[in-house]
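Fit chains V and X to the given chain S structure using the hints.
Each chain is listed here by its residues.
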Amino acid sequence: MLSVTAMFFVGGIFAFLMRLELLTPEGDLFTSDTYNKLFTLHGIVMIFFFLIPSIPATLGNFILPIMLGAKDLAFPKINLLSWYLYMIGATFGIYVIVTGGVDTGWTFYTPFSTQYSNTHVFATTLGAFIVGFSSILTGLNFIVTTHRMRAPGLTWFRLPLFVWAIYATSMVMLLATPVLAITLVLLMIERVLHVGIFDPSLGGDPLLYQHLFWFYSHPAVYIMILPGMAVVSEVVAAFTRKKIFGYKFVAFSSLAIAFLGFLVWAHHMFVAGISVYAAMVFSFLTMLVAVPSAIKVFNWTATMYKASVSWQTPMLYVLGFIGLFTIGGVTGLFLGALGIDVHVTDSYFVVAHFHYIMVGGAVMAYLAGIHYWWPKITGRMYPEWWGRLAALLVFVGFNLTFFPQFIVGYVGMPRRYHAYAPEFQVLNVLSTAGATILAVGYVLPMIYLIWSLGWGRKAGPNPWGAVGLEWATSSPPPKDNFLETPVVKWEAYDYPAFLKAMGETQHV
Amino acid sequence: MKDAHDYSEHAPAHHITKLPVYFGVFIVLMVGTIVTVAASRVDLGWMNTPIALTIAVIKATLVILFFMHLVYSTRLTWIVVLASLLWLSLLFVLTFADYLTRAWLLY
Amino acid sequence: MSDVALHTEEHHPFLQHHFEDLGQQHEASTLGMWMFLATEILFFGGIFCAYTIYRIMYYEAFRAGAHHQNWKIGTANTAVLIGSSLTMALAVWAAQMSRRNLTVVMLILTLILGGVFIGVKAYEYSQHIHEGLFPGRLFTYVDEEHPELTKGVEMFMTFYFGMTGLHALHMVIGAGLLIWMIFRARRGDFGPEYYSPVEIMGLYWHFVDIVWIFLFPLLYLLH
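Chains as they are written, first to last, in the numbering used here: chain S, 1 to 508; chain V, 509 to 615; chain X, 616 to 838.
Only chain S is shown next, with the shape it has when bound in the complex (with noise of 0.2 Å):
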């Protein structure tokens, strides 16, 4: 009983928390001498403490049960445990921003990270260790909630589209943070003992630390964008009131795109010097990865076609998400080509490209998500003007911020040097111009959503009138999600049926 209210508490924080961090790294921009540190604290909080939990902690704990028609996650006081640990994590990455940070780029490549660099390289991976195994808890939690806990009737085909993607997001946590956490264990144990398992003068090979550490972190970006997928679908569903196009096709491609997310890790280090040969099955299995990503994008645009949407915030949100996602996309293919990807290793052009899909991509699926539930989170309505406005405000500072950035990236701007060649002004205005206005766009919502808190219109159970369990309960649900376990017997996203029942029920 206490570990469903400690839930709701548990979401609360971490949406809160989420949102704090979410402004940390906007001081790259006027800095210089400590530029190093700055992008790797920018990385290291961004990655390891938002966007890999921020949608399935704050809004997979919350709805996940719900839509299974469960009274909670299989394991509540594990899912608390993961909290804790967490916010351990969190509290060895505050220490190191406190005490001056930590220089080595988020990825804590050795020998740098090991026998060279003098920063807290020994507190961050700890706290990235730690908060992996939070991570590695809460995919075991929805994994077997998922499958023990599903509502009578709820058959596998039945489940919304969101549990899907969540699902192969867990499978992508539990599978591969356990490998990044023996990483870091070695890359700790050099450190401290001053043994060579990855320095080269002492033996070691430090492409081994690379293979082992992208095995987890080209997965880490499914993590991220999985479960931005999983909001997107049910926001098109809701705000076209049609059934999602070829809904099998969706569900699977998102299993695929974890699965396939495992076999690609090494197109990071085509110019490391790994084999000519491996190179050459990565860059080809990369393309791959663009089937079922591809998949999800047409579904969408195809169950829009010819629908009649509401124009509301999450709306704009996920149209955002789906255009700046394929351009995501797109430069990413030219980034998996082996030849491409030798010209803009290191340069802009990469960082631009996994922005679009990080902060394009996951963010705007993560705000999208935050809109669409908050009323059934809070049982209050958010003011939908300044929501419109302050989607469209993310949207343009984001593209100004970031396309640029294709431009000069490929141009030849080097990434991670805090001076560049003056030629590349023009661009880099235009770039710190569109943060100023994405930073405005961020905050907007923290302002208006803490509002809503006191002042919001009070929800319905159901205000968008939408389809799913969780809009079948009431807003905020009560302690144990329903007041007697549902029973489903009816398809997904059953929209026509749904306007259906709803119009006879009008008549009567």
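With the Cβ distance kept under 10 Å, some of the chain V side facing chain S (calculated, not the full set): (1) S592; (2) L599; (3) L602.
Computed Cβ-Cβ distance ranges for the label pairs, DEER-style: (4) X:I794 <-> S:L392: 56 to 64 Å; (5) X:G747 <-> S:G273: 29 to 37 Å; (6) V:P558 <-> S:V411: 52 to 60 Å; (7) V:F531 <-> S:A497: 57 to 65 Å; (8) S:F252 <-> X:I727: 46 to 54 Å; (9) V:P558 <-> X:E746: 27 to 35 Å.
Bear in mind the hints are in silico, worked out from the structure with no lab data behind them. We put the beta carbon where it would ideally sit given N, CA and C, even for glycine.
For chains V and X alone, kept in the frame of chain S given last:
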């Protein structure tokens, strides 16, 4: 994935392993250990390691199947075990796809 | 009153409120443990992968390094660990059969055998450190016959300590869990209806045993 995990499956009959099975497996494990050690005392060239690992795999399989009751478990448990082994093999195969094709490593 | 109807169904004291019945709870918890073990497989898999690569790179040195292991002690310790797996399995059996005293005895035996294993391991560690084989600053060992192998021997010892150290850490955690299980078994918590904790404990303990089954030939028997 077929819908094999119907709600009715939530209350499976708890299987109780017979004692002779436990003791039998234990004896096989002990014999396996002795054989491993004995084989390592004889110089078989490159064959030594494969033999030792084969015995280890057999021993591990026995432990998983009987001590850990996998034989009596649901299909889902099998999927979990096999999936983890599949992913482990991905890690090995793709990493070695690089290492074993690097010219400078072949001396 | 409806209250009466609600309480006619017997409510098992260990059924958590969010599960429908004990069967569902048992299924969920064992599945959870198997998944946790899947992550453990990949956790140890990473270090095994690294080990394999360096074993290929430093083939001779790894063989030289393994000569510093006492295979007799290793074999004896393997037997001890397999024995503890047997007693663990018997503890699960006893719990299923509602034989409370036997459950407790078997759990205690498992704990003792695990303790013996750790003790022997500690003895081996002290020997290695004494010989200057602990990697890093304490590494003073030089291979007299083949000085060029020294670096590879240090690599071997790094993996030796890393792998057995992680394994021993898992054993210590397992021992902690065992003590808790012994306490619960004595209290009479377990029976044919509810024995999931012992079962899960067993899964974990057997997994640690399996890791050792692979570590033993890879670290002790390279001759």
